[in-house]
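S.K.: Now for the letters of each chain:
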Amino acid sequence: MTIQKTSMTRRRFGQLATAGIAALTARPAMAQAGTVSFMSFTYAEEPNKPHVQKLLDGFAAAGGKVEAIGSAWGDMQKNILLRQRSRTLPTTAQIQERWMPSLATLPDIVNLDDILGRAKLEAAIDPKILAMGRVNGKTVGLPLITGSVGMVANKEVLAKAGVEVPETLADFKKALIAIRDKVPNSVPYAPATKNVNSIPLDFMIMVWAHGGRIIDETGKVLINSDAGRATLAFMTELMKDRLIAPELDRPDSRRLFGQGACGFYADPPQARGFARAFSGRGEAADAFVLPIKTPVLKAGDTPHSIQWGHLVSAFKGPMMDGPDSPGAKWLNYLISDAAQGTFPPSLSALPVTRSAQALPVVTKDAFFSNWKVASGTPLINEIGIWSNAPELSTILSEEFQAAVLGQKPSDAAIAAMASRMEASMAKRG
Amino acid sequence: MTNSATPATTGTSAATLRVSPLAERGGLKARERRVGWFFLIPALAAFALVILFPFLRALALAFTRSDLQTPEPVFIGLDNFRTILNSPEILGSFVTTAIYVTAVTAGTLVLGLAWALILNQPFRGQKALRALSLIPWVLPSTVTAFIWGWIFNSRFGVLNAVLVSAGAIPFPTAWLSTPGGAMTAIVITKIWFSIPLFMSFFLAGLQSLDREQIEAARVDGAGNIDVLRDHILPHLKPVLLVVIVLGVIGNLQHFDTIYALTGGGPVRATSTLSIEVYRRAFDQWDIGMASAVGLLWVATIMPAAYFYLRQLLKGV
Numbered sequence: 000m001t002i003q004k005t006s007m008t009r010r011r012f013g014q015l016a017t018a019g020i021a022a023l024t025a026r027p028a029m030a031q032a033g034t035v036s037f038m039s040f041t042y043a044e045e046p047n048k049p050h051v052q053k054l055l056d057g058f059a060a061a062g063g064k065v066e067a068i069g070s071a072w073g074d075m076q077k078n079i080l081l082r083q084r085s086r087t088l089p090t091t092a093q094i095q096e097r098w099m100p101s102l103a104t105l106p107d108i109v110n111l112d113d114i115l116g117r118a119k120l121e122a123a124i125d126p127k128i129l130a131m132g133r134v135n136g137k138t139v140g141l142p143l144i145t146g147s148v149g150m151v152a153n154k155e156v157l158a159k160a161g162v163e164v165p166e167t168l169a170d171f172k173k174a175l176i177a178i179r180d181k182v183p184n185s186v187p188y189a190p191a192t193k194n195v196n197s198i199p200l201d202f203m204i205m206v207w208a209h210g211g212r213i214i215d216e217t218g219k220v221l222i223n224s225d226a227g228r229a230t231l232a233f234m235t236e237l238m239k240d241r242l243i244a245p246e247l248d249r250p251d252s253r254r255l256f257g258q259g260a261c262g263f264y265a266d267p268p269q270a271r272g273f274a275r276a277f278s279g280r281g282e283a284a285d286a287f288v289l290p291i292k293t294p295v296l297k298a299g300d301t302p303h304s305i306q307w308g309h310l311v312s313a314f315k316g317p318m319m320d321g322p323d324s325p326g327a328k329w330l331n332y333l334i335s336d337a338a339q340g341t342f343p344p345s346l347s348a349l350p351v352t353r354s355a356q357a358l359p360v361v362t363k364d365a366f367f368s369n370w371k372v373a374s375g376t377p378l379i380n381e382i383g384i385w386s387n388a389p390e391l392s393t394i395l396s397e398e399f400q401a402a403v404l405g406q407k408p409s410d411a412a413i414a415a416m417a418s419r420m421e422a423s424m425a426k427r428g
Numbered sequence: 000m001t002n003s004a005t006p007a008t009t010g011t012s013a014a015t016l017r018v019s020p021l022a023e024r025g026g027l028k029a030r031e032r033r034v035g036w037f038f039l040i041p042a043l044a045a046f047a048l049v050i051l052f053p054f055l056r057a058l059a060l061a062f063t064r065s066d067l068q069t070p071e072p073v074f075i076g077l078d079n080f081r082t083i084l085n086s087p088e089i090l091g092s093f094v095t096t097a098i099y100v101t102a103v104t105a106g107t108l109v110l111g112l113a114w115a116l117i118l119n120q121p122f123r124g125q126k127a128l129r130a131l132s133l134i135p136w137v138l139p140s141t142v143t144a145f146i147w148g149w150i151f152n153s154r155f156g157v158l159n160a161v162l163v164s165a166g167a168i169p170f171p172t173a174w175l176s177t178p179g180g181a182m183t184a185i186v187i188t189k190i191w192f193s194i195p196l197f198m199s200f201f202l203a204g205l206q207s208l209d210r211e212q213i214e215a216a217r218v219d220g221a222g223n224i225d226v227l228r229d230h231i232l233p234h235l236k237p238v239l240l241v242v243i244v245l246g247v248i249g250n251l252q253h254f255d256t257i258y259a260l261t262g263g264g265p266v267r268a269t270s271t272l273s274i275e276v277y278r279r280a281f282d283q284w285d286i287g288m289a290s291a292v293g294l295l296w297v298a299t300i301m302p303a304a305y306f307y308l309r310q311l312l313k314g315v
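Protein chains in written order, with numbering that gives the first Met the number 0: chain Z, 0 to 428; chain D, 0 to 315.
Be a bit skeptical, because a hint or two may be false.
Computed Cβ-Cβ distance ranges for the label pairs, DEER-style [what the hints assert, rightly or not]:
no., chain 1, residue 1, chain 2, residue 2, range
1, D, L84, Z, K53, 16 to 26 Å
2, Z, K137, D, V73, 19 to 29 Å
3, D, F306, Z, K53, 52 to 62 Å
Heads up, incomplete: computed chain Z residues facing chain D, CB under 8 Å, no partners named [claimed, not checked]:
no., residue
4, T217
5, E246
6, P250
7, P389
8, Q406
Since the hints were made in silico from the structure, they are not lab data.
Even glycine gets a Cβ: it sits at the ideal position worked out from N, Cα and C.
Could you put together the complete structure from these sequences and hints?
M.R.: So, in structure tokens, the structure goes:
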């Protein structure tokens, strides 16, 4: 009798364990039924979280259900790739435009032409903006906000230093020296010098300003040129003269700028939003945020900025299984006037749809008009378009740091940068 | 009576002999073993799932190309290891790791022992100081990294503030932006929060030291250095061995404060093997290469781990 009771208990234990495991695995799916998930780095940024929340609330008011998952910008790619491996991808995720070629290789990424319709997308969004999310003929990212990475100046800092907005690189350096000497404890110009993911943007802008290129559209590495060498020598001089600072990443530059401790730095139009948050002055900060043309080598040269934007990618799953799925409704909402007329302007960025760009909230905002004039001709990110962009960014940043921190002559660093990039491009095939 | 006879009395083999219907096969010892294995199952399952399976998978990935361009791993034999041998950057990580492990282990050993000797002396507030000494060890390591990050910060750091105000340097220095400065910073940080652990080991060892023997040596004219060399260190030898081996293993594995303080930079000045693996895997998404470097990293830990386990099993 005892034996029988024991074997029954074991069997029951097995049954209970199986039922428990089944319940545990089924529970998340049941809890999330009908809810679209949206992994977002803007949601993880405290100053911008309320703007994303308004977007989610707007979708909820329209009858949808979406749950936001915050993930820091620096961890976003890692989270998506790890979730792909563990098959736990969210329904949708916010993507930086330069990550698109790398993430387009994910097996579970959805071609949005099949979900939203290519004709509809082309009718709503300018092809140049839509191109940010197109890889190999497929739309794998839906543009959410757009703009360009260009130079901004702090008018109050310039006034303290008694300098005007510089047009050429020579004037730029003179302005930086004046700021260093007249604004104590300031970083006159605050390019990223620490984070391998941030350094390439600042360096690229300066290479273009010197009339050079890093990699052309065929994949040929061009950085080992007079312009490339001149750029790195220029940046190294700035570091030596304490006109730029080591240990800076973009968030540090934003804080310095907002707190009046930096004259110039490069950022998307979101710079205004960050200045509002970090100055503690709200919209009053708008008075000192001045978009400027990137200084050029010779007066009359064309200034350039970098094409920039945030996109939303979708991943395979029950929430994204067709044009009528909850996920498709969420994506459609993101490009509606209700969303585009509020969310991008709240981040001081431009909307992506033609109709929203014509809304008064955009056309009557002087900041956007100034930005458009100042950004000159935005060019495509020369590093970000390649699927081996992470490796190229690391190479560029390591050699840049080696030169500006005095570990290597700038010419040697440029030569090493070129040869390592060529090897990376060759490996890529 | 014959019908009710037990099997033993009827000559049935011992193998089928059952004393009672409740008796277990193989006797009580076997039953205990089975129960033991049953209780081990959760731990074994967790070990297999969390350690063994990922390790074997990483082992297999080390022989593949697995990156963003080839999401499905492709077998490439020893190519990753050939690349490592020809890569001055990766080979440099082995040198960086050796410098870091040696400096941290030696520094912690000396300072941990010195602090234990101080706290072993009878003085007022000794117990409170012993308790306070554990604070660096109790703090989360990322908090420790941020504390030291702010101390060494080029613009707002305490170190710069003190040196500039004392007139030692004309303007703030970016300590974390020079290879020597960054390495010094990560070594100091690790030593700072490792001292309490080493100190605790030594303090425990010192409790069994024969004080009369020390007093006798002092009566014979032995100085502090003599007492340390001839009495304390020999007494602490078993503890020293374990502490050194544990320290080497821990420092070879260390990642968080290095990553939080310098991210492996400037350039690659503090890129130890742990940082190298992380950057290969999560900055460049070269999982195959990261696994290969990881495998070699494990190989560097194995001798120390073997020595430690041997010491441990000797004591059993």
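S.K.: Flag every earlier hint the structure violates by its number, smallest first.
M.R.: 1, 4, 6
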